[in-house]
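Those protein sequence lines, which keep their order, are chains A and B.
Converting from the first sequence to my numbering requires adding 416 to each position, the first position being numbered 1.
Converting from the second sequence to my numbering requires adding 6 to each position, the first position being numbered 1.
Bear in mind the hints are in silico, worked out from the structure with no lab data behind them.
For clarity, every value in this text was computed on a predicted model and none was experimentally measured.
Here a beta-carbon is modelled for each residue, glycine too, at the ideal position from N, C-alpha and C.
Don't take each hint at face value.
As the list claims (entries may be wrong) - Take a look, some chain A residues computed to stay more than 12 Å from chain B by CB distance:
id : residue
1  : 504
2  : 519
3  : 523
To be verified - Derived contacts from chain A toward chain B, CB cut-off under 8 Å, selection only:
id : residue
4  : 483
5  : 489
6  : 562
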Amino acid sequence: MERNLTHIALFAALIAVLGLIPRIDLAAGVPITAQSLGVMLCGTVLGARRGALAVLVFLALVAAGLPLLSGGRGGIGVFAGPSVGFLLGFPVAAFVAGWVMERTTLATGVAAWAASVIGGIGVLYVFGIAGMAVVLDTTLAEAALLALAFLPGDLLKTVIAGLVTQGLARMRPASLMSRA
Amino acid sequence: MLTLTSPVEIWAHRLPAGGKLLALALATTGLFALSAPLPMALALAAAAALFASGGPGLARTGARLLWPLWPFVVVVGLWHLWSGTALDGLVVVLRLLTAVALANFVTMTTRLSDMIALFQRLARPFGVLGLSPRRLALTFALVIRFIPVMLDRLAQIAECWRARSPRRPRWRVLVPATLAALDDADRVAEALRARGGVG
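Just chain B, with the same shape it has in the complex (with noise of 0.2 Å):
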């Protein structure tokens, strides 16, 4: 499956994951704290630049990261257009786009396998309630590669669904679907018990 990690390689990938994140969350605080227009517009600069800085094609793929964003950024224009606040809009959605560029920023130069590594670093001091970084590490692995398994497995079902039926598949597909899962997690645990349980 693709990950949101840009194959360019920038500087920013060389970093650590856990100095990214800690980085991130305090310029989000900082965010938040501002509430002048001028300071917000630099602070989009900022991450405009950020993203210039590894080239055209990351830049091109951040901006492309944001569009999503665009039925709130309307929503709120008009509303503060309405109520006369333009400045107060202008704010809000400056800060939206500066907040998610930033950490959208961040996930395009970290490894999935960083970040995951991160993760069980920061899950080990919860290992006495039974989440142990073996553990942690197998859910995850189980979930990346049961999620195409699923997604056939689904297609199959509705083209059963259509040789059998005139009508579309709806939701009557979801049952098979469900029951599938469920059956696949009793015989991935009684093969996982085979082979000396998780440990």
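Okay, chain A solo, but in the shape it has when bound (with noise of 0.2 Å):
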């Protein structure tokens, strides 16, 4: 019980951090951020169940009004703006990233880039796009377009989300809780 707690906890801390430090340059001159790379490590490393839980304590507390999303945003505000479909898709693509990764056979480093790409591109997008298409009142087309934008970020987030899920299996075999 400790431990899936803990877990929690400090995946929900890291998301944060993720988020917090300034557009990390993770790939040579891209200005990413790495909150939803925080999200499919929640995912691929923790599993399904309590990586999802520990995506919504992060959205819990970002509610409660700390400014932990990316570029310091935070508080109810943010649920109401145009992004609201990602955030309400987070604790879903951490989920289906999990399950995935629970699920398949393939190789760790593989298997977490294809539960990222299922789950963080897949899944979120889906929410994402929806949320976009009500808030700013256009059709899902064209909301698509607008998501668009993001969508080579996001990928190279995958790669990076399945190389660190590989190098962390490597380094720990123990550690990944998606695996055990």
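Build the complex: two chains, separate frames, hints provided.
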């Protein structure tokens, strides 16, 4: 019980930390924030249930008024803004990424990359696009066009999520709760 | 860590958090029911009046919190101008600004402790599922405590990298950083168990 609770808490903190570092250049010259990378890692490292709970804890603290979203945003206001769909999709994305990770028998790195693409892009974009369409009163196609701007950065993040998960598996095989 | 709660105490700080959230939910639902520019502009004016009632400092912070929305305002504005539906675009932009401003007002006038106490109260019915208010409070406290710890650790790892390599530390620092988070989680779990567990 204690281990579940502390892993959920520490990974919620990790999502926050990844969003707070000012646009760390993960790869040469691409200005992206690493927040959704944290969501992917929650799924691929902690597994479906714990990963989703970690993201929910993070969102609860954002809603409570801590400026933990990238760019120092936070409060209930972000849930009324255009990115509400992405925020609500975060826990589902982590859950799906973790679910894929738990079930596939692929090599860890490939599995984590695939899980991140399915959860962190496939599932997340469905929520994100629907959210933008509602808040900005556009059609789904127009909203999808807007979301396209984030796609290159997010694809890069899925690769990094795969590499980081693989690195963890290599250094400390027992640490991947999604594969335990 | 700094919260978004306004340090300037105004009348709204004294209202109960649950009531403010309920009013906010109703107001936001109402905003989506409006579709004409004039009532929407009046709604934004009402939101502005709320901020103004808290004095110039609060109003300035409130305006600054709306700033990250500008790319969306530009995109929606241009799109509606181009498609010849400028009035519809105006409604969308006004609704967006009003909804976010009202929500920010609630955040700015509610202390973090009040908000977390409300979450704990709301979690009480889920106690049977293992989500006890005590565990929830402990989890929140752990997250808040470990954010600065992990930020420091990440900076240290990046420094170590720079001491060894002329190249810039990129995503590779994330492996030791994540590993450290996992190790911390194990240690904190042991420490909690040694002190009687989470109950």
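Cross-check of the supplied hints:
The Cβ of residue 504/A sits about 15 Å from the closest Cβ of chain B, beyond the 12 Å cut-off, so the non-interface label holds. Every CB of chain B lies more than 12 Å from the CB of residue 519/A, the least distance being 22 Å, so the non-interface label holds. Even its closest Cβ contact with chain B, about 17 Å, leaves residue 523/A beyond 12 Å, as expected for a residue assigned away from the interface. Because the closest C-beta pair between residue 483/A and chain B is about 6 Å apart, less than 8 Å, the hint holds.
Annotation: interface hint on residue 489/A holds; nearest CB of chain B at approximately 6 Å, less than 8 Å. Contact between residue 562/A and chain B, as hinted, is supported at the beta carbon level, the nearest pair being about 7 Å apart and thus within 8 Å.
Of the numbered hints listed earlier, not one is contradicted by the structure.
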